[in-house]
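K.L.:
Listed below, chain by chain, are the residues.
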Amino acid sequence: GQSLEQPSEVTAVEGAIVQINCTYQTSGFYGLSWYQQHDGGAPTFLSYNALDGLEETGRFSSFLSRSDSYGYLLLQELQMKDSASYFCPTCSGNTGKLIFGQGTTLQVKP
Amino acid sequence: ETGVTQTPRHLVMGMTNKKSLKCEQHLGHNAMYWYKQSAKKPLELMFVYSLEERVENNSVPSRFSPECPNSSHLFLHLHTLQPEDSALYLCASSLGPRAQYFGPGTRLLVL
Chain A
325 GQSLEQPSEV TAVEGAIVQI NCTYQTSGFY GLSWYQQHDG GAPTFLSYNA
375 LDGLEETGRF SSFLSRSDSY GYLLLQELQM KDSASYFCPT CSGNTGKLIF
425 GQGTTLQVKP
Chain B
16 ETGVTQTPRH LVMGMTNKKS LKCEQHLGHN AMYWYKQSAK KPLELMFVYS
66 LEERVENNSV PSRFSPECPN SSHLFLHLHT LQPEDSALYL CASSLGPRAQ
116 YFGPGTRLLV L
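Going line by line, the protein sequences match chains A and B. Heads up, my numbering is the position in the first sequence plus 324, with the first residue counted as 1. Heads up, my numbering is the position in the second sequence plus 15, with the first residue counted as 1.
Treat the hints loosely; a few may be bogus.
Pairs of lysine-lysine residues, derived as DSBU-like cross-links and limited to a Cα-Cα distance of at most 35 angstroms, are as follows [claimed, not checked]:
no.: 1; chain 1: B; residue 1: 34; chain 2: B; residue 2: 56
no.: 2; chain 1: B; residue 1: 51; chain 2: B; residue 2: 33
no.: 3; chain 1: B; residue 1: 37; chain 2: B; residue 2: 55
no.: 4; chain 1: A; residue 1: 433; chain 2: B; residue 2: 34
no.: 5; chain 1: B; residue 1: 55; chain 2: A; residue 2: 433
no.: 6; chain 1: B; residue 1: 33; chain 2: A; residue 2: 433
no.: 7; chain 1: A; residue 1: 433; chain 2: B; residue 2: 37
no.: 8; chain 1: B; residue 1: 33; chain 2: B; residue 2: 55
no.: 9; chain 1: A; residue 1: 421; chain 2: B; residue 2: 51
no.: 10; chain 1: B; residue 1: 34; chain 2: B; residue 2: 55
no.: 11; chain 1: A; residue 1: 405; chain 2: B; residue 2: 55
no.: 12; chain 1: A; residue 1: 405; chain 2: B; residue 2: 33
Negatives, chain A to chain B, calculated, CB over 12 angstroms [stated by the list, open to error]:
no.: 13; residue: 376
no.: 14; residue: 382
no.: 15; residue: 423
no.: 16; residue: 434
No wet-lab data here; the hints were simulated from the structure. Every value quoted in this text rests on a predicted model; they were computed, and no experiment measured them. Even glycine gets a Cβ: it sits at the ideal position worked out from N, Cα and C.
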């Protein structure tokens, strides 16, 4: 079967570090992506992990452990503009099929 | 113009109407996607086109009919829709599985 688990909401303060966890169960797993979506906007690609380990892109880092079917997104030096929904869709098969979960709503407070 | 564009941005239609949504990508990508995003539900993949061939149809009702005339354009033809089809319809494109780039979406209301 296919399943994705993320916390529904996370709250943090400006300047802090926050980690959003994601566990998955996906047949034909190719990789784990992270997308950000602001209210009323379209999802924006943040990162993609196909292999185990950490990928760093500026203030954002993403980690994957294939053996644990687990990944996380780490956001450092939080800014108010980081308040958004974050999704960790899994990529299944070689057709680029993304399977989305409910996402995590991050609220950054001053 | 760059990126992924979608028209119209907003659409109101009756259940007996026929309308089409258009998506265009200027990124040189070879795969295009239609997604549906309803309130309180995960983003749902509807169709995947790779090199202009439909490679994925996620059990979508036949009242939604996609068309991909070339690698830059994707259409979603709508007919006899139901009120529960009201949602944000998002188009995306990609070059391989790594990253999909989304358009701004068409917000559809079916009366």
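K.L.:
With reference to the structure, classify each hint as holding or not holding.
P.N.:
Hint check results:
no., hint, result
1, 34(B) / 56(B), "holds (24 angstroms)"
2, 51(B) / 33(B), "holds (18 angstroms)"
3, 37(B) / 55(B), "holds (25 angstroms)"
4, 433(A) / 34(B), "violated (43 angstroms)"
5, 55(B) / 433(A), "holds (23 angstroms)"
6, 33(B) / 433(A), "violated (45 angstroms)"
7, 433(A) / 37(B), "violated (38 angstroms)"
8, 33(B) / 55(B), "holds (27 angstroms)"
9, 421(A) / 51(B), "holds (14 angstroms)"
10, 34(B) / 55(B), "holds (25 angstroms)"
11, 405(A) / 55(B), "holds (22 angstroms)"
12, 405(A) / 33(B), "violated (39 angstroms)"
13, 376, "holds (16 angstroms)"
14, 382, "holds (15 angstroms)"
15, 423, "violated (7 angstroms)"
16, 434, "holds (28 angstroms)"
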